[in-house]
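**Q** Next come the chains, spelled out residue by residue.
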Amino acid sequence: MADVKALLAEFDEISKNPRKMLDSYLAAGEKVIGSFYYTPQPLITALGMIPMGLWGGQVNPQVAGKYAPIFTCSILRSSLEFGMTGAYEGLSAVLMPILCDTFRGTCAAWRAGVNIKLIPFVHPQNRKDPGALDYLIEEYKYVKTELENVAGKTCTDADIHAAIDLHNKKNKVIRDFCAAANHHLDLITAVTRHHVMKALTFMKPEDIIEKLSQLTAALNELPDYEWTGKKVILTGITAEPDDMLAGFTANNIAVVGDDLMQESRLYRTDYPAANSAMESLALQWLNIKGCSMAHDDNSRARGEHLVSMVEENGADAVVLCMMRFCDTEEYDQPYIIKMVQDAGYMAFSIDIDQSTSDSGQALTKIQAFAEN
Amino acid sequence: MKYALGIDIGSTATKAVIMTSEGKIAASAVVSIGTGTAGPKKALMEVLDKAGLDRDQITWTTATGYGRFSLEGADDQKSELSCHAKGVSYLMPGTHTIIDIGGQDIKVMSINDRGGLVNFVMNDKCAAGTGRFLDTMARVLNVEVTDLSDLSEKADEVAEISSTCTVFAESEVISKLSTNIKIENIVAGIHQSVAKRVTSLLKRCGIKETIAMSGGVALNKGLVKALENEAGCKIHVHEECQLAGALGAALYAMENTKKAS
Amino acid sequence: MGETTEVKKKKRPLPKSRVMLNALVDSIYQDAYEAERKGEPVGWSTSIFPQEICTTFGVPVLFPENNAAGVAARHDSGRFIQTSEGELGYSNDICSYARLSIGMAHDIATDPNYEPPAQRMPRPTFLLCATNSCFQLLKWYECLSRDLNIPIFMQDCLFNCFEDAPADHRNKYGKSQILHNIKRMEELFGKKFDWDKFEEIQKISNLNSRLYDECVLMNDKTPSPLNGFDLFNYMAPMVIARGRKETTEVLLQLKREIQEHIDNNTSTFGSTKEEYRVDWEGIACWPNLGYNLKTMKKYGINCVTNGYVGAWSLHYNPGDLEQMASQYMLSSTNVLSTNSMMGKRADVANHFGCDGMLCHINRSCKYMTYHMFVGRQIVEDKCNIPVVTFDGDQADPTIFNEAQFETRVQGLVDIMKQNKEDK
Numbered sequence: 000m001a002d003v004k005a006l007l008a009e010f011d012e013i014s015k016n017p018r019k020m021l022d023s024y025l026a027a028g029e030k031v032i033g034s035f036y037y038t039p040q041p042l043i044t045a046l047g048m049i050p051m052g053l054w055g056g057q058v059n060p061q062v063a064g065k066y067a068p069i070f071t072c073s074i075l076r077s078s079l080e081f082g083m084t085g086a087y088e089g090l091s092a093v094l095m096p097i098l099c100d101t102f103r104g105t106c107a108a109w110r111a112g113v114n115i116k117l118i119p120f121v122h123p124q125n126r127k128d129p130g131a132l133d134y135l136i137e138e139y140k141y142v143k144t145e146l147e148n149v150a151g152k153t154c155t156d157a158d159i160h161a162a163i164d165l166h167n168k169k170n171k172v173i174r175d176f177c178a179a180a181n182h183h184l185d186l187i188t189a190v191t192r193h194h195v196m197k198a199l200t201f202m203k204p205e206d207i208i209e210k211l212s213q214l215t216a217a218l219n220e221l222p223d224y225e226w227t228g229k230k231v232i233l234t235g236i237t238a239e240p241d242d243m244l245a246g247f248t249a250n251n252i253a254v255v256g257d258d259l260m261q262e263s264r265l266y267r268t269d270y271p272a273a274n275s276a277m278e279s280l281a282l283q284w285l286n287i288k289g290c291s292m293a294h295d296d297n298s299r300a301r302g303e304h305l306v307s308m309v310e311e312n313g314a315d316a317v318v319l320c321m322m323r324f325c326d327t328e329e330y331d332q333p334y335i336i337k338m339v340q341d342a343g344y345m346a347f348s349i350d351i352d353q354s355t356s357d358s359g360q361a362l363t364k365i366q367a368f369a370e371n
Numbered sequence: 000m001k002y003a004l005g006i007d008i009g010s011t012a013t014k015a016v017i018m019t020s021e022g023k024i025a026a027s028a029v030v031s032i033g034t035g036t037a038g039p040k041k042a043l044m045e046v047l048d049k050a051g052l053d054r055d056q057i058t059w060t061t062a063t064g065y066g067r068f069s070l071e072g073a074d075d076q077k078s079e080l081s082c083h084a085k086g087v088s089y090l091m092p093g094t095h096t097i098i099d100i101g102g103q104d105i106k107v108m109s110i111n112d113r114g115g116l117v118n119f120v121m122n123d124k125c126a127a128g129t130g131r132f133l134d135t136m137a138r139v140l141n142v143e144v145t146d147l148s149d150l151s152e153k154a155d156e157v158a159e160i161s162s163t164c165t166v167f168a169e170s171e172v173i174s175k176l177s178t179n180i181k182i183e184n185i186v187a188g189i190h191q192s193v194a195k196r197v198t199s200l201l202k203r204c205g206i207k208e209t210i211a212m213s214g215g216v217a218l219n220k221g222l223v224k225a226l227e228n229e230a231g232c233k234i235h236v237h238e239e240c241q242l243a244g245a246l247g248a249a250l251y252a253m254e255n256t257k258k259a260s
Numbered sequence: 000m001g002e003t004t005e006v007k008k009k010k011r012p013l014p015k016s017r018v019m020l021n022a023l024v025d026s027i028y029q030d031a032y033e034a035e036r037k038g039e040p041v042g043w044s045t046s047i048f049p050q051e052i053c054t055t056f057g058v059p060v061l062f063p064e065n066n067a068a069g070v071a072a073r074h075d076s077g078r079f080i081q082t083s084e085g086e087l088g089y090s091n092d093i094c095s096y097a098r099l100s101i102g103m104a105h106d107i108a109t110d111p112n113y114e115p116p117a118q119r120m121p122r123p124t125f126l127l128c129a130t131n132s133c134f135q136l137l138k139w140y141e142c143l144s145r146d147l148n149i150p151i152f153m154q155d156c157l158f159n160c161f162e163d164a165p166a167d168h169r170n171k172y173g174k175s176q177i178l179h180n181i182k183r184m185e186e187l188f189g190k191k192f193d194w195d196k197f198e199e200i201q202k203i204s205n206l207n208s209r210l211y212d213e214c215v216l217m218n219d220k221t222p223s224p225l226n227g228f229d230l231f232n233y234m235a236p237m238v239i240a241r242g243r244k245e246t247t248e249v250l251l252q253l254k255r256e257i258q259e260h261i262d263n264n265t266s267t268f269g270s271t272k273e274e275y276r277v278d279w280e281g282i283a284c285w286p287n288l289g290y291n292l293k294t295m296k297k298y299g300i301n302c303v304t305n306g307y308v309g310a311w312s313l314h315y316n317p318g319d320l321e322q323m324a325s326q327y328m329l330s331s332t333n334v335l336s337t338n339s340m341m342g343k344r345a346d347v348a349n350h351f352g353c354d355g356m357l358c359h360i361n362r363s364c365k366y367m368t369y370h371m372f373v374g375r376q377i378v379e380d381k382c383n384i385p386v387v388t389f390d391g392d393q394a395d396p397t398i399f400n401e402a403q404f405e406t407r408v409q410g411l412v413d414i415m416k417q418n419k420e421d422k
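Top line first, the protein sequences correspond to chains S, B and Z.
Residue numbers for the first sequence follow numbering that gives the first Met the number 0, beginning at 0 and rising by one.
Residue numbers for the second sequence follow numbering that gives the first Met the number 0, beginning at 0 and rising by one.
Residue numbers for the third sequence follow numbering that gives the first Met the number 0, beginning at 0 and rising by one.
Mixed in with the good hints there might be a few duds.
Here are the in silico distance ranges between beta carbons for each label pair [stated by the list, open to error]:
| id | chain 1 | residue 1 | chain 2 | residue 2 | range |
| --- | --- | --- | --- | --- | --- |
| 1 | Z | Leu187 | S | Asp185 | 53 to 59 Å |
| 2 | Z | Ala402 | B | Cys232 | 31 to 37 Å |
| 3 | S | Ile69 | Z | Asp212 | 32 to 38 Å |
| 4 | S | Gly85 | B | Phe68 | 32 to 38 Å |
| 5 | Z | Asp212 | S | Ala26 | 33 to 39 Å |
| 6 | B | Phe68 | S | Asp185 | 51 to 57 Å |
| 7 | S | Glu303 | Z | Lys182 | 23 to 29 Å |
Hints listed in this document are in silico derivations from the structure and should not be mistaken for laboratory results.
All residues carry an ideal CB built from backbone N, CA and C; glycine is no exception.
Could you build all of it, start to finish, from the sequences and the hints given here?
**A** Structural data, given as structure tokens:
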């Protein structure tokens, strides 16, 4: 128990202080690469550098408006603000996948307003096309070259293979944690779960494997806790701030799974065995299922995924954490809500807006769900 | 005799209801200032005064509304969605769809026969169509918000307001005023614009008879009529509609009173 | 993007090119209705898809963006948008063409008695989606595919993060998609693809692109022979019939008419004197086109050029599929980086002798708006002309504000006037 509390406090600390993490990496002479959403992180690891997730933050942007219209999604607007005001200083480069129109725009805005090397690249959306794999392998080769320039060294296929193994192991450790957490929902509340998951985006893969395995092991030693309250699955880009998440706990609701970009979506799909390391990296993108940012010929893939998550985890509802002005998610919103409701479960959306700390409407909805 | 208090602290008004253990309304009060002000305290004093009770004679206090967590001495807090559902069900049994236009939210709720919430939808974070939108428009027209209803009844045609954004709608209203369009017709246009916003939420939630409107804005007959036109259905309004949230909270409080005993 | 409509104007007889254009558009819709009646394949396509393919198959395809513009210009967009936002629950943040089209598709699929717009869209049996104009197109077509239960043929046109032409691996992926789509279409249509005809259609497409470019360029004369908004109308054949001989006829006729104007020193701008030449950036505010035109005329402003009308001008060697794919990755203003796109705009504004630039901050078209936020400095520096923005939308009538538009136009005129006096 003491172990669990102490470990949770560590994750909590990291999730709230990414800048401190970055400074400690820099002080140790490491190079750090900022990473938005889906990026081929094993390449960064293979070159001896550290990937850190970029998720903006709770800030009311003051300078980002110079380059980003007001209807830029909350997360890229705050990321741009942080970039422009020096919060990301020290990053050696930033990997930006062009996954939506706002990324197209942010690519230009970043170059105009932020003095950190940008490495933009494009995933193929026609993932079933026979040419998609070859294309992405070449695209990742360009990313690799750019990263090699930053690192000042090169890496071999074997180096990347080793990094891939490490990241796959990391993914498994994270999935194991999520499974274990569901047996200890008294300890792993919506807020603590989020802190753990968010902290992972700022940690080295080997540190994740070490620390998170410890946490899972410590949890597994405790007797299972019988949760009698309601259970939900969160879906969306991010579920923040803490005030909003605390509303779940206050209303006796536990989070038993997530389909959030900042959390489980990143670790759901492993790098498969392939002819070469680069092919393995590329195949991973082609294998992603049920994500708003990766086109699927099955136009109901995400809805089906959510319904099965609800069923597998014995949840009562799906809560769509709707990132303000994220059009990609907005297009999915009506059908996934309807599909979950048609399957006999509750589904509703709450707004996520990093530019305000007011979660009033979300709290009302969460409470209303709890009361009925 | 035991007493239960329900208090609905909205963004623009505070409403309070005291119920007896026999399920009767002992007193009610409406104060037209909301959370973050002296409103809650004033409403509390007024309702106690009317009922001739002291605060310590209240067995249970349930707070609801946007400012529900700010009231000192509340025994618990319920969401305004559940409270409106319960309150309206009490006032108008047989209701299955509730529309509530609050100061900053539009809510449409679907409820079951027991007053339980089945589904709900709310406006996104945008003032279009909310009580605040009406306040802003009344200010631009230099009339009281309570006069809007009478004004729109005198309209001979509807001067369409196409902008949904409050800032743009304001400028549209001003330009209509400057071209000497009758205020009455502009008000009718404002009501139609709100009615359109609300109807779209209504359709999303699903229209199931009977439909009732709660909250203070329901007192605006002109708006209710515009809404009936847009939605193509009858909308029922109880004379105590403004109290629905507080009443629902009082009903929840009463359940706790009984549990406590 | 990609639309046509009747710009409201005085009851002057239409020029012959417009009569021909209308007949062409009409015949394309008729072909689609005929196929619908016979239960044959009919497609809905994004505006910059390699339409050469379906033209070769002889399968009719219509364009929701183009149709939406027409519906909006006839003030009929509101009801479809309401269906999307209300009943279906789509956010008002997403593209208004998408909201309109998703609402219309819902009506088509669920209500046999729905009242169609003036230009009725037939029910599609397949979708063609190119991702060059934006990513929202793909999400929008996913919704259509789900609601109508029909397949998507995708031409993924990768965003150009850099200023150079697309690298080889991108063009190869583009070519692979063309080939694969043709194969899948052969299966769906039950028809063999005619490669010789394909090359023929490609030749026509290239010819039309050249003719269209020439017509656009002829507007650099002072006064400009065309009222700039006319270009929005003549985009139509390029969008919906780029591979057809009739389009060649329309464009040849248009070219003759423009030449006549130049020879006679006349203009479709009418009797108003062209005081100021302005570059209109962004898609038209279709629901407010008449008001925009009237207001600008009041101040003697002619929009002599527009950045995005050139998006349908694609040049490649017929038969070279990699080059063809490459062109589709370069043509849309929204597939290019801001530096290359706004740099091009600045060159055009210079070439056309523009006194100012008027930018439509289009609520629906996020990336185009980004260009203007980041790129306005580029234009101001390169051309030394004022850049003024206003809020609006391509199809949603609830975003535009007349008072704001006129105030901004006045402001632009004040600066342009002062600049002229200082010269």
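**Q** Hint by hint, work out which the structure violates, then give me just those numbers in ascending order.
**A** 5, 6
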